[in-house]
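A.B. asks: Numbering (my numbering), first residue to last: 263 to 546.
FYI, nobody ran anything at the bench for these hints, they're computed from the structure. All values derive from a computational prediction rather than experimental measurement. Please note: incorrect hints may appear among the correct ones.
[As the list claims (entries may be wrong)] Okay, derived cross-link-like pairs now, SDA-like style, lysine to any residue, Cα gap no bigger than 20 Å in a straight line:
no.	residue 1	residue 2
1	K302	Q337
2	K368	A539
3	K428	Q508
4	K368	K414
5	K484	A313
6	K473	A539
7	K368	R522
8	K484	H329
9	K489	G319
10	K473	K428
11	K361	M341
12	K361	A502
13	K489	S389
14	K361	A539
15	K473	T521
16	K428	E438
17	K361	A485
18	K302	A313
19	K484	K428
20	K428	K414
21	K361	E438
22	K414	S398
23	K484	A533
24	K361	A533
25	K368	E384
26	K414	E438
27	K484	Q337
28	K489	K414
[Claimed, not checked] So the derived label-pair ranges between C-beta atoms look like this:
no.	residue 1	residue 2	range
29	L371	S426	17 to 23 Å
30	Q353	R383	21 to 27 Å
31	L343	V393	34 to 40 Å
Every residue gets a Cβ at the ideal spot worked out from N, C-alpha and C, and that includes glycine.
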Amino acid sequence: MTRLTKRLRGAVALLVIALLAACASAPPETLDESLDLIGKRALQRHVAWLAHDDRAGRMTGEAGYDHAAAYVAEQFESMGLEAAGSDGWFQPVALRSYKPRDGSAKFILHGAQEDEALVYREDFSVSADPVAASTSVRGEVVYVGYGVHAPKLGYSDYDGIDVSGKIVALYGGAPESLAGEERAFYASSLAKRREAVARGAIGTVSLRSRKTEERYPWEESKARIGKRSRMTWVNDAGDAADHLPQLRAGAYLSPEAATRLFVNAPLSYEASLDAVAAGEVASA
């Protein structure tokens, strides 16, 4: 893991403000007048500079992002705006970059007859921990469908299922019976992990639905596994945002590996795919 202290810059959001500020000496009175102040050529010039290949994608913590931020600050200053950050135009924020160490990820299926070691990238990927240098978990795996508990909406995958001290296997997304913002909330990884923690789970295994596999085939995406670091912010005590230490490890399985996970289970992998596609709760 790498701890960074960087300055967040709202380059895109502030760019429009900067363009409007260019004519601050004659404040517009209507929306149309405001829009007229955003010159097409000026907008194209700023966007072209910020989006140029020289910025290399402007990833946080990388040189391209710093160059883009400095450019925006220069534009603001040239327009007579006053800096309001704790460090001039910038605001220091502690960030942490993290990813699995090469060769460190392992996933072992402990079967009734023998153990099977899965192959990293070919069969699975893992979520690195933003705080701990090393994590591991061993336990019984319990299938919980989407991992959604929404009793007020008439849906719960957890009714009658005990996951305390166990690893939950769950699909991404949420049932289509939930609508709009409610579905978006329950489909979020954070909501699922918090629910699992509240029920005493110690780890997660994420499965891929047919819809997910159709959109993002494992065979096409596996080459990118572990190549890019993830990033989060941390407070002064070193606590990472949305970190749930109760979940000691998390993994994602390929469809073929998921089939092997379900061997000897009461429900087959294919049956679980049918169930989530139909919106059936895991506790049914």
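A.B. asks: Hint by hint, note whether the structure agrees.
C.D. replies: Going through the hints against the structure:
Annotation: proposed proximity of K302 to Q337 holds, straight-line Cα distance about 17 Å (limit 20 Å). A C-alpha spacing of about 30 Å is found between K368 and A539, which places the hinted pair above 20 Å, so the restraint is violated. Between the alpha carbons of K428 and Q508 the distance comes to roughly 11 Å, so the proposed pair stays at or under 20 Å and holds. Taken as a hint, the K368 and K414 pair is broken in the structure, with Cα atoms around 39 Å apart against an allowance of 20 Å.
Between K484 and A313 the CA atoms are separated by roughly 28 Å; this puts the pair beyond 20 Å, and the hint is violated. Our distance criterion of 20 Å between C-alpha atoms is met by K473 and A539, whose separation comes to about 9 Å. At roughly 16 Å between alpha-carbon atoms, K368 and R522 fall within 20 Å of each other, so this suggested pair holds. Straight-line distance between C-alpha atoms of K484 and H329 comes to about 32 Å, which puts the hinted pair past the 20 Å bound.
A C-alpha spacing of about 16 Å is found between K489 and G319, which places the hinted pair at or below 20 Å, so the restraint holds. With a C-alpha separation of about 27 Å, the suggested pair K473 and K428 falls outside the 20 Å cut-off, and the hint is violated. Among the hinted pairs, K361 with M341 is inconsistent with the structure: their alpha-carbon atoms are about 41 Å apart, more than 20 Å. Note on K361 and A502: the hinted pairing holds, with a Cα-Cα distance of about 14 Å set against a maximum of 20 Å.
This hinted pair checks out: K489 and S389 have alpha carbons roughly 12 Å apart, not beyond 20 Å. For a cut-off of 20 Å, the pair hint linking K361 to A539 is broken: about 32 Å separates their Cα positions. A threshold of 20 Å between alpha carbons decides the hint, and for K473 with T521 the separation of about 17 Å falls inside it, so the pair holds. Using a Cα cut-off of 20 Å, the hinted pair K428 and E438 is violated, with the two alpha carbons roughly 27 Å apart.
For the given pair, K361 sits about 15 Å from A485 by alpha-carbon distance, which is consistent with the 20 Å threshold. A C-alpha spacing of about 16 Å is found between K302 and A313, which places the hinted pair at or below 20 Å, so the restraint holds. Between the alpha carbons of K484 and K428 the distance comes to roughly 27 Å, so the proposed pair goes past 20 Å and is violated. With a C-alpha separation of about 26 Å, the suggested pair K428 and K414 falls outside the 20 Å cut-off, and the hint is violated.
For the suggested pair K361 and E438, the alpha carbons sit about 33 Å apart, so the restraint of at most 20 Å is broken. Our distance criterion of 20 Å between C-alpha atoms is broken by K414 and S398, whose separation comes to about 35 Å. Restraint check for K484 and A533: not satisfied, since their Cα atoms lie roughly 25 Å apart, outside the 20 Å limit. Between K361 and A533 the CA atoms are separated by roughly 33 Å; this puts the pair beyond 20 Å, and the hint is violated.
Of the pairs offered as hints, the one joining K368 and E384 holds, with about 12 Å between alpha carbons and a cut-off of 20 Å not exceeded. Between K414 and E438 the CA atoms are separated by roughly 16 Å; this keeps the pair inside 20 Å, and the hint holds. Taking the CA atoms of K484 and Q337, the gap is near 41 Å; set against the 20 Å cutoff, the hint is violated. A distance of roughly 41 Å separates the Cα atoms of K489 and K414; the hinted pair therefore is violated under the 20 Å criterion.
For the pair L371 and S426, the supplied restraint of 17 to 23 Å holds, since their beta-carbon distance comes to about 22 Å. For Q353 and R383, the Cβ-Cβ distance of about 38 Å falls outside the hinted range of 21 to 27 Å, so the restraint is violated. As the Cβ distance of L343 to V393 is approximately 38 Å, the hint placing it in 34 to 40 Å holds.
Checked against the numbered hints given earlier, the structure breaks hints 2, 4, 5, 8, 10, 11, 14, 16, 19, 20, 21, 22, 23, 24, 27, 28 and 30 and satisfies all the rest.
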